[in-house]
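Sequences listed follow chains R and G, in order. Following full-length UniProt numbering, the numbering of the first sequence begins with 1 at its first residue and continues without gaps. Following full-length UniProt numbering, the numbering of the second sequence begins with 1 at its first residue and continues without gaps.
In short, the hints are calculated from the structure, not lab data. We put the CB at the ideal spot given by N, CA and C, even for glycine. Some hints could be false.
What the hints assert, rightly or not - Derived lysine to aspartate or glutamate pairs resembling EDC-like cross-links, with alpha carbons at most 20 Å apart: (1) Lys119(R) / Glu41(G); (2) Lys119(R) / Glu62(G); (3) Lys13(R) / Asp39(R); (4) Lys88(R) / Asp148(R); (5) Lys119(R) / Asp40(G); (6) Lys165(R) / Asp95(G); (7) Lys119(R) / Asp127(G); (8) Lys119(R) / Glu99(G); (9) Lys199(R) / Glu212(G); (10) Lys119(R) / Glu98(G); (11) Lys119(R) / Asp69(G); (12) Lys165(R) / Asp121(G); (13) Lys88(R) / Glu42(R); (14) Lys199(R) / Glu89(G); (15) Lys373(R) / Asp327(R); (16) Lys199(R) / Asp222(R); (17) Lys119(R) / Asp27(G); (18) Lys165(R) / Glu120(G); (19) Lys88(R) / Asp114(R); (20) Lys13(R) / Glu135(R); (21) Lys416(R) / Asp518(R); (22) Lys539(R) / Asp518(R); (23) Lys416(R) / Asp441(R); (24) Lys199(R) / Asp179(R); (25) Lys348(R) / Asp337(R); (26) Lys498(R) / Glu473(R); (27) Lys88(R) / Glu10(R); (28) Lys344(R) / Asp376(R); (29) Lys253(R) / Glu239(R); (30) Lys449(R) / Asp287(R); (31) Lys344(R) / Asp357(R); (32) Lys119(R) / Asp129(G); (33) Lys119(R) / Asp95(G); (34) Lys449(R) / Asp484(R); (35) Lys199(R) / Glu210(G); (36) Lys498(R) / Glu542(R).
Said to hold, decoys possible - Sample of chain G residues facing chain R (criterion: CB under 7 Å; computed from the structure): (37) Asp40; (38) Phe92; (39) Glu98.
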Amino acid sequence: MSESSRRAMEFGKLNYLIIDDFENFRLSMRQMLRSCGADRIEQAGTAAQAIRHCTYNHVDVVLCDYNLGEGRNGQHVLEELRHRKLLKRASLFLMVTAETSKQMVMGARENQPDGYLTKPINRAMLDQRLGALIEQRNALYPINRELDRENYPEAISLCLQALPKHPRYRTWLLKTLGDLYFQLGDLSHAARVFDDALKQRELSWARLGRSKVMLANRNYEDAVASLSQLIARHPDYMEAYDLLAEGLQRQGKLVDAQHTLEQAALHSPNALLRQRQLAQLAEANQDLEAACEAWRKTVTLGTHSIHDSADHYLALAQSLTDLSEGDAEEAGAERADEALNLLKQMGKRFPEQPELDLRSRLIQCRVLAGRGKASDANRLLDQIREDGGDGQSLTADTALDYGKTLFRLGHAGEAKTLLAELAERFASDNEVLNRIEALLDEPVGFRQKLQARTLNRDGIKAFESGDLSAAVEAFSQALEIVPDHAALNLNLVQVLMKQRHSEADSSALLDRCQRCLDRLAGLPEQHRQHRRYLALRRKLEELTP
Amino acid sequence: MTKASPAASDNEDRIDFSMVLASAVHDMKNSLGMLLNSLDELRGEMQGSASSASRFNTLQYEAERMHNDLVQLLGIYRLGQDHLSAHIEEHFVPDFLEEHLARHSPLLEGLGIQCRIEAEDINGFFDADLLTGVLNNTINNALRYTRSQIRLTAQQREGYLVLGVEDDGQGYPDSMQHSGTIRFGALDFNSGSTSLGLYFASSVAALHREGERRGSIQLHNGGELGGGVFEIWLP
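Here chain R stands alone, though its shape is the one from the complex (with noise of 0.2 Å):
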């Protein structure tokens, strides 16, 4: 049998989808498959038309065209597919694209296709490229048949087997054996792979492999250098900074890790999973601005992928309203509004779900409040009570918001009893617990917030230098925001107790400290600072004739 009869068989033996929103094109692609040799080609005009099909229907090699007019992109397409795992590995996709802008195939670095087609495309490209293709797949058949059964050590023995006897594949198979190393959890295996790779020469991939399994020996220092300096090299490679945020989070690094996926979201602004880790750190480091850019970018990008989520909203309605609250200027007022529209939206997309309606309502009080309509909060407050909203049966989350509402239209008091019910219901959940203490130590707006922790850190600064009388001074200023703050509490009792060996009248400073450790009487003996307030308690009772 000849060369190109025996490929025209190969092709006729497989199942096509061509997906493009333009007829022609369609119908041309078809055309040309078919005189490659194709024979059972189906076609779809739309993203949702396309999963449809894939959904019911084995498809072998999905062609799909990236732009797709409005709505969905081929990415989209292929990030729903992959996720869903409506497509097995041994299936081939390639993307079929007007350009190869590196923004774009950066942007489908997650979810990789096996290839890509650059239009204008003719019979004997379309016949050589997806021709080769094909071959490789029915090389690398059986590997990727184990790997759809997730049966991993039979993959690993077979790409050992495949390496001597497909060398044109080397690459693939080295990568893929690394890659199932590491998920096994045989790190020391997988770092020989990458090494012997690198030993030949320097490859981002290997290079990136290699970082890996230091992430996972817990070696940050060297996986951080090392990721630093690939990315020096390829400032375009995403994977890296991913990993390079990783490891500096993992280090403590907190802010670091926020700059390193601020400079990969220039680069490749449209990946959503990036842009939501960005936002989540952007919060850790309370650096609300950035967090709500983030999350802004995130529902945006949530508007055509599979990964869209009504949490998304709420987070960047909680980050609007927290920046709007006690910000008089017109900023403020737009971000109040932009807030309320996007809970109206985030109704719309994820109708008749009780809880995430709560959720919303609690917001918008939130809003209203920071916007001093005291009576039109109280209003709304009053129909969420009303409707059963009672904290007993609701998830953690949600009572925690029900609380930090509670607190800023002024219900201290109800806040606290919810706070203890949550506490008891989650005793044995420790970050459920941390979080009901943070919001019990600064029960305040965001930027009040700041300020008192500032004043905090100026205290902590002045105490060190040994100027005590202006430490006084800066935690005093910090308990007038945030009078119950356990740890701001104990912190001036350290300061006075030390001040009095200088002062003449001690019993007015002995006073001030039993004043401030009344206030924590209740503080609960999970709370991280009791074992402080404890023996601070003591020390008082010693010194108190």
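Add chain G to chain R, keeping to what the hints say.
Positioned in the frame of chain R, the structure of chain G alone reads:
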């Protein structure tokens, strides 16, 4: 429509002309892509009507050339913006060359030019996108100057992967024959041919590095076909 590059300027009143140009080039390139697609289909439909074939070939050749030029312009723009870095991957060289030949095969047939590949069965390390730009341009150039034959070669020489495009035309004039790297400053925009293509090829070659060694291009005459020989040496 996705643009080649986001507007980076904070000052919205200032026109970033190179950005405007890049966007326009990007749109033109995509339009030409559509045009070329239609030409391919037309060629399929009008098989045998020899009287219009030569004009048709000219049409397709010139459209291809413009398309290549625009792709290259975008490449150079990105090079200038430092957006371009080489993604070195391992590729099976004969497949890579076959693919390029396939892109040009309708026109080659139309013009009656024979083209053959003589490649060793080797793997090479290079950025496929960047090399695609270089090869398209070089093959297109060879199409213009050849009489009847083009030869694509690939071999391992002195530890480098050498890809070559040879033709049986007049060869390069003395002034163009050289080897090494071309600097942007050395381009002469007043002469008829700016050698922008060579600058691009040379820049792409230089992006390929391995340890101390760098890629380069070489132009000379002779080869097996006796015409121009373009070589790109990759470490």
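Legend entry - Restraint status (C-alpha distance of Lys119(R) to Glu99(G) at most 20 Å): The given pair, whose Cα atoms are some 13 Å apart, holds under the 20 Å limit.
Legend entry - Pairwise hint evaluation, Asp39(R) against Lys13(R), where the allowed Cα distance is 20 Å at most: Holds - the C-alpha atoms of Asp39(R) and Lys13(R) are around 8 Å apart, at most 20 Å.
Legend entry - 20 Å Cα cutoff - pair Lys449(R), Asp484(R): Holds, because 13 Å separates the two Cα atoms, which is no more than 20 Å.
Legend entry - Agreement of Lys416(R) and Asp441(R) with the hint, judged by alpha carbon distance not exceeding 20 Å: OK: Lys416(R) and Asp441(R) at ~11 Å, within 20 Å.
Legend entry - Hint consistency between Lys88(R) and Asp114(R) [alpha-carbon to alpha-carbon, up to 20 Å]: holds (12 Å)
Inset, instruction - Could you grab the alpha-carbon distance between Lys416(R) and Asp518(R) and see if it respects the 20 Å cut-off? - result: Within the cut-off at roughly 17 Å; holds.
Inset, instruction - Sort out whether Asp40(G) lies within 20 Å of Lys119(R), counting only the CA atoms. - result: Measuring from Cα to Cα gives roughly 12 Å; hence the hint holds.
Inset, instruction - Given the hint that Lys253(R) pairs with Glu239(R), test it: the Cα-Cα distance must not exceed 20 Å. - result: The given pair, whose Cα atoms are some 19 Å apart, holds under the 20 Å limit.
Legend entry - Agreement of Lys498(R) and Glu473(R) with the hint, judged by alpha carbon distance not exceeding 20 Å: holds (14 Å)
Legend entry - Holds or violated: Lys119(R) to Asp127(G), with C-alpha atoms at most 20 Å apart: holds (19 Å)
Inset, instruction - Would you check the hint for Lys539(R) and Asp518(R), treating anything up to 20 Å between C-alpha atoms as holding? - result: The hint holds at about 14 Å.
Legend entry - Hinted pair Lys13(R) and Glu135(R), Cα distance within 20 Å: Distance ~12 Å between Lys13(R) and Glu135(R) Cα, so the pair holds.
Hint violations for this structure: none, all hints satisfied.
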